[in-house]
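J.: Line by line, the protein sequences give chains Z and B.
This note's numbering puts the first residue of the first sequence at 1, with every later residue one more than the last.
This note's numbering puts the first residue of the second sequence at 1, with every later residue one more than the last.
The reader is advised that the hints may include incorrect statements.
As the list claims (entries may be wrong) - Here are the in silico distance ranges between beta carbons for each label pair:
#1 Z/THR28 with B/LYS15: 39 to 45 Å
#2 Z/GLU242 with B/GLU64: 48 to 54 Å
#3 Z/PRO453 with B/ASN231: 48 to 54 Å
Worth flagging that the hints you see were computed from the coordinates, not collected in a lab.
If you're wondering where the values come from, they're calculated on a predicted model, not measured in any experiment.
C-beta atoms are modelled at their ideal positions from N, C-alpha and C, and glycine is treated no differently.
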Amino acid sequence: MVSLAEIQEPPDKGLILLAGAPGAGKSTFCHQVVLKSIAADRPVIFITSEQSPNEVITLLSERGMGTPVGLNFVDAFTETVGLTCPQRPDTVCANCTDLNSLSIAITKLQERAGQKGTLLAFDSLTSPYLFSGMEVVKFMRLFLSRFASEGNSVLALMDEGCGKEEDLGAMMSVADGIIRIEIKESSRIINVVKHPKVEPERIEVPIKAKPTIKSTMQFEPSVMRQFMKSMFGGGEAVLRREVGDFVNLFWPNLAHWSGMLWDPKRFPTMIYELNKEESSFVKEVMPFFPWRLKLLFKLLSSFQALGLMPKSFSKVKGMGKMSKLGGVGIRSAQLERSGTIEYLEDISRTDEHYFRVYESSDCWGFENVGAAIASHLPPAMAGQLQGFEREEREWNAIETKCIGLGDPYCEFKIVPGEIDGLKASLEKDSSVIERIHERLMERLMGFLLDGKPLVDRPRLGSDVHLHVVMHGMGFPHLAGERHRMAQRMGGARSGKEIGERLMQAGIKGDEAINRVIDFMNYCKVGKVTVGETIKIKENCESLRTKMFTTIKEPSCYFTTGFLNGLFSAIRNKHVREVKCVAAGDPYCEWEII
Amino acid sequence: MLDDYIQTGVPGADKILGEKGIPRGHSILVAGGPGSGKTTFAMQFLYKGVTEHSEPGIYISLDEDPEDVKKNMSKFGWDLGKLEQEKKLAFINVSPVRVTSSEKAGLIQLGMKEFKLIKLLEAIREGIDEVQAKRVVIDPITIFTLQYPDEVERIYAMRDLIADFRKTGCTNLLISELRGTGLEREHQFEEYLAQGVILLRTVLKDERLTRMFQVEKMRGLEVDNQPRPYNITNTGIEIYPTLTVFK
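Bound conformation, chain Z alone (with noise of 0.2 Å):
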């Protein structure tokens, strides 16, 4: 029988591969086989292309590390997301997109320490992979298997699902040894394939509880009773008095599918998630509620405790009551646009409900894209019905039928407990999702070249709420790292795609700039303006985190990626946040290097 501790005992040479779905546990593993490292005295190379050292560090010393004397990194994660690699004496720089980087910087340090015996940690091959596919097993065989030949031991991670099959398929059959991760149900799967030291071997670990955002969640009081005014007032510009307070609902598509284009297998769920908690938090952000609003509460609530109102949503009579006087999130829907939304008592039952909802802004303008897309409504209802239920149940919510199915509207069903099938519904083939990408980017194209409307939904309008936005965008200070990375990647791609195919249309340069910069302008992302810097006034993504965390930092992570994007297709320069709303500035501002 192998132990876990013994699988994270680095053989003394040799290349492990280390495969599973994001989320599995892959960098936490990564951690401890490090931290034993260190431990042991040994030299360690971490190459980091998810995030930066510094958080590693962080990472790192929340295990319980100290201070390690022969730790040293290769930052491939930022200059590879646009920033300026910090100089730091246990750190050289490379890019994810240049393998060459890679195994220079590597070699490098190598020399520096001039000692074999080697620990290479590389977190993770996913990036280089999705910049230069099946070179990537080029370059293990002819750099990584060879470092570990000459004394050193390697350990790569690589997300499962991120790729071609048959291209992981090539890269295990590189390595010396192949251990797997898988979650099922409350247990983490550990499988070792193969190794140099050990048999092969299935090892199950318990997974403790999730851990929630609730604890991370603090509302600035003063922003959060804007917003509330914001959303149920009259329509007065309340959050963003230059701009208003509603955006064009091209944008928060645009973030939501960017973000799906970079990380399809956890970026549906991490929405879906996040939608679902920062909605249920009803009773939290009660005290921030319009006076008027907050008497309804107390008056629903008294009703409910003198059982004039029902205490629970089980009963389709109960739902009924509350769906006429737009409760559980259907007058908010109308409010801030993101649908019109029609509560189906016919078919209905006990803990079993349906909705259809019009227009939907997650929905409207993907006809027929072969899945059901709804993002925000679904999981948001089924959060504020946590929130409204005295007894707190959860609740989760599934798409049924979709405008992205063929259908007219979209229908959900809403129960408590679990869903089966519900994380598949979620997650998008890649064919769904290049094609949702080709629509954005051609309806984008129809608006830059001929002027064509963004989007032309009939009722509700082509604008929504800067809630939407919020919740299209997720909320990914909350969500942690993969979750800005995939922000800021993806928004990175879309606006390469952008300037490259304004290029192809034969505008370039600053006219092609001023194009994008005019279509932000028109969506009412902010007031954006292009000098020597590019300075956005009330940026909506700002306002989120300003709104939901104390987290004083620059962090536009789809805004700075999609004008990094745009700026180095075009003009071949990159984008720094130097300033922020977030951070306390009175405006957010990128430095063009």
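Fit chain B to the given chain Z structure using the hints.
T.: Below, chain B without anything else, positioned relative to chain Z:
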């Protein structure tokens, strides 16, 4: 035996050159695209020649003002002016562009070919005598060959130049523009005449430049012909002779 070869002074390059260096007295063509570091490579060859191997050198500029070159190279920490004062390094400006009067500036003067070749050879000899040079760089040779629109004349002029070098016993780098930066390219006639060819290639992929150092030919030496990655760092050019180039 070691004296039969001269070390380039570029980290990693001599390992590729069969662990030896460039055969003494040979004329080597160094070809590269714009921004590939041709001048840096040549200057490093001269600078390290003086500072590490006590071999004086001359730099013959046919294009850029030597003062600009000196200034540019100071970012690598190379004080070329000092070596010039110490008479270990000579800079000779025979730029056909810059010797014209101001209204003709920017034009290459054609005609008077013999004079040009003779003038160049004289300048080289004078320079060699002045500092007792062992290393010579002509940057770029392209300008010189442009003086001969006729290909046959061009080949003769080039052959004369290389033969003359041979007599001096100096080892020379002839810098040349590489036409076509990708992997596919036309061979230039200078390549057939030179005793060795070093390529500094750049390939653009996703806005990122991949740099490849490749010894295409080195007469009389077993060399590694594979392209190897290199970088221009803050201490000059660095080649990684054990690494494979990835696309």
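J.: Does each hint fit the structure? Answer for all of them.
T.: Hints and how they fare:
Separation of Z/THR28 from B/LYS15 is about 41 Å and conforms to the stated range, judged on CB atoms against 39 to 45 Å. At about 52 Å, the beta-carbon gap between Z/GLU242 and B/GLU64 stays in the expected band of 48 to 54 Å. Restraint check, Z/PRO453 to B/ASN231: a C-beta distance of roughly 49 Å satisfies the suggested window 48 to 54 Å.
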